[in-house]
Each structure stands twice: as C-alpha cells, then as structure tokens.
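Given chain R's structure and the hints, the job is docking chain G onto it.
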Amino acid sequence: MASVAGTAFAVSVRPPRRLQQVSNHLSGLKSVSFTSQRKSFVSIRSAPRFRISCAAKPETLEKVCSIVKKQLALAENALVTGESTFVQLGADSLDTVEVVMGLEEEFGISVEEENAQTIQTVQDAADMIEILLEKKNAA
Amino acid sequence: MLPSNLVARRLVPFALPSLPSAPLPSPREAHLWCVKPDELKDASLLQEYMKILSPCEKENVLSVKGEVLQKCALLSRVLVRTTLARCLWIEGLSSGCLFHARLDTDYRINPRSFKFKKNRFGKPEVEWQHNDVSFLPSLQFNVSHTSSLIACGITVNDPIGIDVEEKQRRPNADVLSLASRYFSPPEVQYLKSLVDSDSQKIEFIKLWTLKEAYVKALGRGFSGAPFRKFTIRFETRGDLVSEKLKTGEFRIAVEPVSDHETLTANWQFALAEITGSHFAAICMGIDENDTGKEHDLLKLKVWKTLPYMEDECLSDSEAVIKISGLS
Chain R
1 MASVAGTAFA VSVRPPRRLQ QVSNHLSGLK SVSFTSQRKS FVSIRSAPRF
51 RISCAAKPET LEKVCSIVKK QLALAENALV TGESTFVQLG ADSLDTVEVV
101 MGLEEEFGIS VEEENAQTIQ TVQDAADMIE ILLEKKNAA
Chain G
1001 MLPSNLVARR LVPFALPSLP SAPLPSPREA HLWCVKPDEL KDASLLQEYM
1051 KILSPCEKEN VLSVKGEVLQ KCALLSRVLV RTTLARCLWI EGLSSGCLFH
1101 ARLDTDYRIN PRSFKFKKNR FGKPEVEWQH NDVSFLPSLQ FNVSHTSSLI
1151 ACGITVNDPI GIDVEEKQRR PNADVLSLAS RYFSPPEVQY LKSLVDSDSQ
1201 KIEFIKLWTL KEAYVKALGR GFSGAPFRKF TIRFETRGDL VSEKLKTGEF
1251 RIAVEPVSDH ETLTANWQFA LAEITGSHFA AICMGIDEND TGKEHDLLKL
1301 KVWKTLPYME DECLSDSEAV IKISGLS
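First to last, the sequence lines map onto chains R and G. Heads up, the final residue of the first sequence is numbered 139 in the numbering used here, and it's a clean run with no missing numbers. Heads up, the final residue of the second sequence is numbered 1327 in the numbering used here, and it's a clean run with no missing numbers.
Calculated directly from the structure, the hints in this document are not laboratory data. Among these hints, one or two may not hold up.
[As the list claims (entries may be wrong)] Beta-carbon label-pair distances, calculated as ranges:
no.	chain 1	residue 1	chain 2	residue 2	range
1	G	SER1199	R	PRO58	35 to 45 Å
2	R	ILE131	G	PRO1256	41 to 51 Å
3	G	GLN1047	R	GLU134	49 to 59 Å
4	G	SER1180	R	GLU62	28 to 38 Å
5	R	LEU79	G	GLU1312	36 to 46 Å
6	G	MET1309	R	SER110	16 to 26 Å
7	G	GLN1047	R	LYS57	41 to 51 Å
8	R	ILE131	G	GLU1310	49 to 59 Å
9	G	PRO1020	R	LYS136	58 to 68 Å
[To be verified] DSSO-like, lysine-lysine: derived pairs with alpha carbons at most 27 Å apart:
no.	chain 1	residue 1	chain 2	residue 2
10	G	LYS1123	G	LYS1051
11	G	LYS1201	R	LYS70
12	R	LYS70	G	LYS1065
Where is the CB? At the ideal position from N, CA and C, for every residue including glycine.
Isolated chain R (complex conformation) (with noise of 0.2 Å):
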C-alpha cells in the first residue's frame, strides 16, 4: 500500500485476481507480483545475489533439482531450490562431481572440469547447463 507523498496518486490493490509467484529471469531473485484491476503492481523482491546471465528455464531448473535429490538421495518433497548451495544440502565433492556428470549424460552436454568445480548453487548448475545447449544449438 505504497503511498507517495506530494502527489495525487494513490496505488491501491484490490484482492488480487492471482497470485503469481515468478521465478525469474535474474538467478537468486525471486519476485512476487500482485496484480490489480488497476494494472499496478507492487513487486517484493528477496535475495542478495544479482547475475545478469543467461538465466534457466524453469524445465530446467527442475530437472537439475531432480538430479540432486536423486544423487543426495533426498526425499522427494525436499526442499531444493536454485538457492540450495551444495554444501547446504550436504553434498560433498564427489557427490557434485557425480551430480555434474549425470547432468552431463541428461542433457547430453559436456562440462569442463574446472567449470563443474565453481558451481555452488543448484541455479549455478542450471544456468551452466542453459548456456552449455545453447552453445551445442547455435553449433
């Protein structure tokens, strides 16, 4: 209900039609957005990090968390999203190492070593992956 003083405009929303959670297009933020009859929306956003980068889709982003709680034998209601950092889900090296290598085979792509070593997030892995197919597309 942001109200700015000195003007004559108020933004109000009304009971929102729907709800929408949007990941989006920047990895590690999360927006939400209200919309309102009024087409004015308020938009929260959450996060610290900010990468401007060829961002996963969410298929993607979904097939990678899958792969993770396969290889950590998580449960499947686990909560693993682009946020999770591989230490945080208790994965240690060679754990990220057979992640990375099933990633490998699922998406038919090929990682580097020393690019499989940097990923420390779950959205670092599926952003890496969404560059490594457009690469293999445009070739």
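Positioned in the frame of chain R, the structure of chain G alone reads:
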C-alpha cells in the same frame, strides 16, 4: 534449534569441564582428532558447544538445513577450536608466557579466542593475533567430514590436507566412467587392472580421498589442482605397485602429469582405516630442507573425542589400521 532426538536435561546450569590438554605434534608428525556426530546426544552439551563458536560461525551453522547436517557443521567448528586449544595450553605454559586475554583463569587457551581467515584461494587458516606470533607454534590444520565422522588434522609448520570417507561408500555412477572423466590415465589403468568390481570401487574411494587430501593441502582450490593433472602412486622401492595393498610399507607419492607451476611433488601421504568404518587420507608438506630418508613414511597419532566429555587415543590399537605410507 533443539533437535528432536536429543535428550533435554533438567534446568540445571550445565558448565563445561576443563578441556584436557594434548601434546603438540612433533616435527613431521600429524595428529588426527575425530568426532562421531552420533555420540552427541545431549541437548545441553550442544547448547554449550554453540557458545564456543564465533557469531559468524553460528550463523553459518544455523543456515545449514537439517538436524544431522547442522550437528556436523557445529561439531566441525568445535573440533577445530578445541583441537588447537588443547595443544597450545602446554606450549603456552612451558614457554612461560602469559596471554591474558586468551586464557581462562587456569592458563588454558580459550577455544573461543581463535580467529580464522581464508588464504587468497579460500583455504581456512588461523589468524594469529599480534602477540601470539613470537610465542606460539605455527599450527596448521585441515578439516574433513562425512555425516558419520568429522576429523581435524594438525601439524606444526607443515601444510596439511585431510579427507575422510565412509568405507562403505559406493558411488552411484560407474567408477570407471568417473575415473576416465576425472582421474589421470595411470590411475584409470590401475583401476582397470583390478579384476573385482567391488575392489575397483574401494580403490576408487581410496584414490579419491588421497587426491582430495592433496588438493586441500595445496590450499589453492580445486581449480588450482584439477584431479586429472596429477597421479597418486603407490610405490615400493620406486616401482609402481599394481597389486592390492596389504601392508603399511608402501610409500604414496604424487606425480604431477605435466609441468605445472602450482602442482608440487614434495608431499607425504598416508592412508589409514579408522574405527573400522572410515578411510582417512592425510597429505603433509615435506620441508625442503629435510633430506633424510626417515620422512618417507608419515608419523600419525589418532584420537577420538567428544570435546570436553571424552578423549580416547586410538593409535596403536585396532581402531587404526595402517593401509599405506605410515611408519
């Protein structure tokens, strides 16, 4: 933060007893201190452990998801701090110095008092305080953990890297694929020469821990020492050994594959089995001034501990089985 499976004590003030001291590692000797997270069952003890951590460490521990992992993260920090503090108590006393701010009333170094930093590649190190430098030995340390064992290796002066792994660990992926992808060609050949697929998996895990220990000892991060660029060799009298290792007499050495600036060969390795459940690989820097043959085999002492509660020396018992590289 109280994990559900811990027993809560009655509301009686719980004070930690004194931390027993421990000997300093001798020159060219590594000490390994181990904790089994399953042995931490007391909620009050866990609370006391949290008090040993710095605010930043506490925050990191609390950000870890899941009780077991959180406990491991906590014990990891507690183990480092208490291990360093134990050795320095004796040293501090014998050198007759008083570091007032660092000591508890009975002249023990307070584990809380250590500060840590990372070298430019991210390897954690002690940040010695201004007054410490002249009096305290330069303790080097490295930590490794699995969900069932956490280990901290320490030396005086020599860079150290360690890695521990469950003996039962079997990679999900095919080990020859993993090795072809990540290990050096001689190592792949060694694994291929093993007839039994379970032996292949076990030897893969052993090689993995030794390679990890080397990378961690170098302290340059994984990009500074890609696994494919160096070979771990088991040698006896300079020959490459292809049969399964049986005694502790073999020397383990590292050989960089190509002329690599950052990959050096002056390192000692050891591999041991701990409490029948884990492999521990230790990599220690060899002082270039030391040319004697006696440093072909690494000296190692091992303890199991629940800090402040219980210490058990495991060296020279069945709980430590030398696999390779150990005197």
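To see whether the hints hold, each was checked on the structure:
1. SER1199(G) x PRO58(R): 35 to 45 Å: Since SER1199(G) and PRO58(R) have Cβ atoms about 43 Å apart, the given range 35 to 45 Å holds.
2. ILE131(R) x PRO1256(G): 41 to 51 Å: At roughly 31 Å between Cβ atoms, PRO1256(G) and ILE131(R) fall outside 41 to 51 Å, so the hint is violated.
3. GLN1047(G) x GLU134(R): 49 to 59 Å: 51 Å, holds
4. SER1180(G) x GLU62(R): 28 to 38 Å: Cβ of SER1180(G) to Cβ of GLU62(R): about 29 Å, so the range 28 to 38 Å holds.
5. LEU79(R) x GLU1312(G): 36 to 46 Å: 38 Å, holds
6. MET1309(G) x SER110(R): 16 to 26 Å: Since MET1309(G) and SER110(R) have Cβ atoms about 50 Å apart, the given range 16 to 26 Å is violated.
7. GLN1047(G) x LYS57(R): 41 to 51 Å: Given about 45 Å between the Cβ atoms, the range holds.
8. ILE131(R) x GLU1310(G): 49 to 59 Å: Since the Cβ atoms of ILE131(R) and GLU1310(G) sit about 51 Å apart, the hinted range of 49 to 59 Å holds.
9. PRO1020(G) x LYS136(R): 58 to 68 Å: The hinted range 58 to 68 Å holds for PRO1020(G) and LYS136(R), with Cβ atoms some 59 Å apart.
10. LYS1123(G) x LYS1051(G): 24 Å, holds
11. LYS1201(G) x LYS70(R): Holds, because 20 Å separates the two Cα atoms, which is no more than 27 Å.
12. LYS70(R) x LYS1065(G): Distance of about 17 Å is within 27 Å: holds.
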